[in-house]
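Colleague: Below, each chain spelled out in residue letters.
There are 2 protein chains.
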Amino acid sequence: MKQNILLFAFLLLATTSVAQPGGGRRWINTNSPEVHADQTVTFRYLAPNAKEVKLNAQFADGKPFTMTKDGDGVWSVTVGPIEPDMYPYEFQVDGIRVMDPSNPDCFPNENFKGSMVEIPGKEPYVYSIQDVPHGDVEYVMYDAPSIGATGRMVIYTPPGYDPQGDKKYPVFYCISGTTDTDEVYFKVGRINFIMDNLLAAGKAEPMIIVMPYGNPAAYFPPVPMPAPGSAPGAGMPQTDLFSTELMQDIIPFVDKNYRTLATREGRGIGGFSRGGGQALRNGLKHTDKFAWVCSYASGIGVEDLENNYKNLIEDPDKTNKEMKLIWTGVGNSDFLYKMATDFNAALTKHRINHIDFICSGGHTWMNAKLYLHETLPRLFQTANY
Amino acid sequence: MKQNILLFAFLLLATTSVAQPGGGRRWINTNSPEVHADQTVTFRYLAPNAKEVKLNAQFADGKPFTMTKDGDGVWSVTVGPIEPDMYPYEFQVDGIRVMDPSNPDCFPNENFKGSMVEIPGKEPYVYSIQDVPHGDVEYVMYDAPSIGATGRMVIYTPPGYDPQGDKKYPVFYCISGTTDTDEVYFKVGRINFIMDNLLAAGKAEPMIIVMPYGNPAAYFPPVPMPAPGSAPGAGMPQTDLFSTELMQDIIPFVDKNYRTLATREGRGIGGFSRGGGQALRNGLKHTDKFAWVCSYASGIGVEDLENNYKNLIEDPDKTNKEMKLIWTGVGNSDFLYKMATDFNAALTKHRINHIDFICSGGHTWMNAKLYLHETLPRLFQTANY
Chain D
742 MKQNILLFAF LLLATTSVAQ PGGGRRWINT NSPEVHADQT VTFRYLAPNA KEVKLNAQFA
802 DGKPFTMTKD GDGVWSVTVG PIEPDMYPYE FQVDGIRVMD PSNPDCFPNE NFKGSMVEIP
862 GKEPYVYSIQ DVPHGDVEYV MYDAPSIGAT GRMVIYTPPG YDPQGDKKYP VFYCISGTTD
922 TDEVYFKVGR INFIMDNLLA AGKAEPMIIV MPYGNPAAYF PPVPMPAPGS APGAGMPQTD
982 LFSTELMQDI IPFVDKNYRT LATREGRGIG GFSRGGGQAL RNGLKHTDKF AWVCSYASGI
1042 GVEDLENNYK NLIEDPDKTN KEMKLIWTGV GNSDFLYKMA TDFNAALTKH RINHIDFICS
1102 GGHTWMNAKL YLHETLPRLF QTANY
Chain L
742 MKQNILLFAF LLLATTSVAQ PGGGRRWINT NSPEVHADQT VTFRYLAPNA KEVKLNAQFA
802 DGKPFTMTKD GDGVWSVTVG PIEPDMYPYE FQVDGIRVMD PSNPDCFPNE NFKGSMVEIP
862 GKEPYVYSIQ DVPHGDVEYV MYDAPSIGAT GRMVIYTPPG YDPQGDKKYP VFYCISGTTD
922 TDEVYFKVGR INFIMDNLLA AGKAEPMIIV MPYGNPAAYF PPVPMPAPGS APGAGMPQTD
982 LFSTELMQDI IPFVDKNYRT LATREGRGIG GFSRGGGQAL RNGLKHTDKF AWVCSYASGI
1042 GVEDLENNYK NLIEDPDKTN KEMKLIWTGV GNSDFLYKMA TDFNAALTKH RINHIDFICS
1102 GGHTWMNAKL YLHETLPRLF QTANY
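Chains as they are written, first to last, in the working numbering: chain D, 742 to 1126; chain L, 742 to 1126.
Watch out, some of these pointers could steer you wrong.
Note: identical chains are not told apart, hence a pair may lie in one copy or across any two.
[Claimed, not checked] Heads up, simulated DSSO-like pairs for lysine-lysine below, C-alpha to C-alpha not over 30 Å straight-line:
1) 944 x 908
2) 795 x 1059
3) 1079 x 792
4) 792 x 1030
5) 1079 x 1059
6) 1059 x 1090
7) 944 x 1030
8) 1030 x 810
9) 795 x 1090
10) 795 x 810
11) 1026 x 792
12) 1062 x 1079
13) 1030 x 1051
14) 1059 x 1030
15) 863 x 1026
16) 863 x 1030
Everything labelled a hint here was simulated from the structure, so no lab data went into it.
Predicted model, so just to flag it, every value in this text is computed and none were measured.
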């Protein structure tokens, strides 16, 4: 029987051997995370000398769980039942945040190092690996003259994609957020499985999904230290570089090397968090390039919109005719809730057609998967409004 | 000017803001690793409350470096100059082993969680990203009925590979070692860049490189805990599953979905550590399937060879005619040095043609890259002996 599991969702490396006082070695159970059938999960961490080990997990809104140590020095806690989803978590060992060493399923990130646990439901979810045709996920190296480096991005092509065939595909550009990397939509968002499942159910248009790295400034040596008293942001990556790279290098590369519909109607852009801001800024500025724009937990400041996006708001009828989709989603406990909903209100005020999707939850990748699931079926369809 | 750096080789996320006693926030330098032009490297780790932070790095043979804390709570140490290469490292924070949180370049693994640092040389190395055509690196999902799950593997296709074209390519199967995953040859071994560079220099035959996961037992829920006193290995993954999966699922999938030369002369197998053992056991047992076999820091026990590989040793002339390459490499301080060289001696005793490559160094991925660089040019050439 085919199991609906992805590689690493369950892990066998369950035991570690320890020396015994009388000589020889003995096996102890360090399997972690151990997901039980009742949706509880046991987490384990071997640290005989630690004084305190806690579990931080996104299924618990950041409230840490106390773990207890057994005679072998294995700290553990069993929590749940937990609502089926994929969650980031970490251990806090005497105050030090660490990944789960027993779990190879990592959250790729520039500065935090989390592990991922999947709680399967009774039925497969839209992001579950299922017995359907799978598209290809490629790590693609490309020339990026605008930043003077070789770049890397992840590209999904749908099942049946033929690089030499006649059929051309629309392209959805999906931009990573602050500290996330080009791997995040694949490794954490499962965008490929969501797309595979939607396609198998006939619920989405086959498309190419391009996942560039939203922080090309990382290609460069560090910027000088900001002076004491500098505003926050002074030491932050130069995100405007991304727009240059997207327009000058990434889109031309994709249109040259893939069977794309290289028109505004065949091109969408979306992103989570800072990537959502980049999607909006590029998508709504360059409406000649993009007809489909999605913002996942992000927004453009109202003043910014009114001052710098006159192209969008001056003639709503024209905009509404041209833009096939402007979609924004945000969770009602997201720290960017106000920004996202203020932006929605500004679009409403200017009579710009758009879809707001307000749901429960915070600034999480559980929600980001939900936004992907909501928007991918809407992209490149005849009409959304 | 094009920089010979890979994404993440240098990282900008150099600063963190901390609250100031008098109010407001101030920027501090948490950039890590900071690789200097003179091949020294500064490592930094923010942990105001830690009592002791050390750096463990493979460029130092495991000897830890003491780090010192500044007034902001940033522990740091500058080491080197270090010989150019890519090295795994970790911090040891009050005895707890952690990745470098500022570095997204991770060592994918089932149980340790290391970070990677690259020290570039004055000239690009064979694993450096260079301004040459790049092959594609795909993460491929496939049906694996033999283990009742959907599997994942990484597949490299060379520049110019055309899935619909007439040209067929030989295939090199590269098997991951104990606790390594299907990502390791790509993320740590840089096998794609090594191959790109060799091809650009005309030094290798274009080939498909298939990187399956050497531990399909990880697909399954944990085996029962071994009884107290069980031999080491009782709780270890069932590595023989891999041979079944390779023969029944992986090779047929690859031959069906890629433009392969589906002959023994068009098929090679290699691997590092346990993956080297799997390569030898499969390659030398199924000589009807493989004509090229490489072992990187591994071996088959002499008794095992003599008892169970009579097909290979009974008629050396036949074997030497059939096998295009048997290659073994090992470092002179590798913990498997004796096993590997005993195996070499046994081949020599039985007059089986083979190449031994004995170099400095231990059981490391610095050496594994070297073995790849030595063997990839020999694969699928007319003659090696």
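Colleague: Decide, hint by hint, whether the structure agrees.
Modeller: Results for each hint:
1. Taking CA atoms no more than 30 Å apart as the test, residue 944 paired with residue 908 passes inside one copy only; the shortest distance there is 19 Å, against 36 Å between copies.
2. Taking the closest pair of Cα atoms, residue 795 and residue 1059 never come within 30 Å of each other, the shortest separation being 55 Å inside a single copy and 62 Å across copies.
3. Taking CA atoms no more than 30 Å apart as the test, residue 1079 paired with residue 792 passes in neither setting, with 41 Å inside one copy and 41 Å between copies.
4. Taking the shortest alpha-carbon separations for residue 792 and residue 1030, neither the intra-copy value of 57 Å nor the inter-copy value of 54 Å comes in at or below 30 Å.
5. Proximity of residue 1079 and residue 1059 under a CA criterion of 30 Å is satisfied intra-copy only: 28 Å inside one chain copy versus 76 Å between copies.
6. Proximity of residue 1059 and residue 1090 under a CA criterion of 30 Å is satisfied intra-copy only: 16 Å inside one chain copy versus 83 Å between copies.
7. Proximity of residue 944 to residue 1030 under the C-alpha cut-off of 30 Å is restricted to the intra-copy arrangement: shortest distance 25 Å within a copy versus 42 Å between copies.
8. Taking the shortest alpha-carbon separations for residue 1030 and residue 810, neither the intra-copy value of 57 Å nor the inter-copy value of 50 Å comes in at or below 30 Å.
9. When the C-alpha separation of residue 795 and residue 1090 is checked against a cutoff of 30 Å, the pair qualifies neither within a copy, at 47 Å, nor between copies, at 57 Å.
10. Proximity of residue 795 to residue 810 under the C-alpha cut-off of 30 Å is found in both arrangements, the shortest distances being 11 Å within a copy and 25 Å between copies.
11. With identical chains, the CA atoms of residue 1026 and residue 792 are never at most 30 Å apart, being 54 Å at best within one copy and 51 Å at best between copies.
12. Taking the shortest alpha-carbon separations for residue 1062 and residue 1079, only the intra-copy value of 28 Å comes in at or below 30 Å, while the best inter-copy value is 74 Å.
13. For the homomeric pair residue 1030 and residue 1051, the shortest alpha-carbon distance inside one copy (17 Å) is at most 30 Å, but the shortest distance between copies (66 Å) is not.
14. Taking CA atoms no more than 30 Å apart as the test, residue 1059 paired with residue 1030 passes inside one copy only; the shortest distance there is 15 Å, against 64 Å between copies.
15. Taking the closest pair of Cα atoms, residue 863 and residue 1026 never come within 30 Å of each other, the shortest separation being 44 Å inside a single copy and 42 Å across copies.
16. Proximity of residue 863 and residue 1030 under a CA criterion of 30 Å is satisfied in neither setting, with 42 Å inside one chain copy and 41 Å between copies.
In summary, the structure is inconsistent with hints 2, 3, 4, 8, 9, 11, 15 and 16 from the numbered list given earlier, while agreeing with the others.
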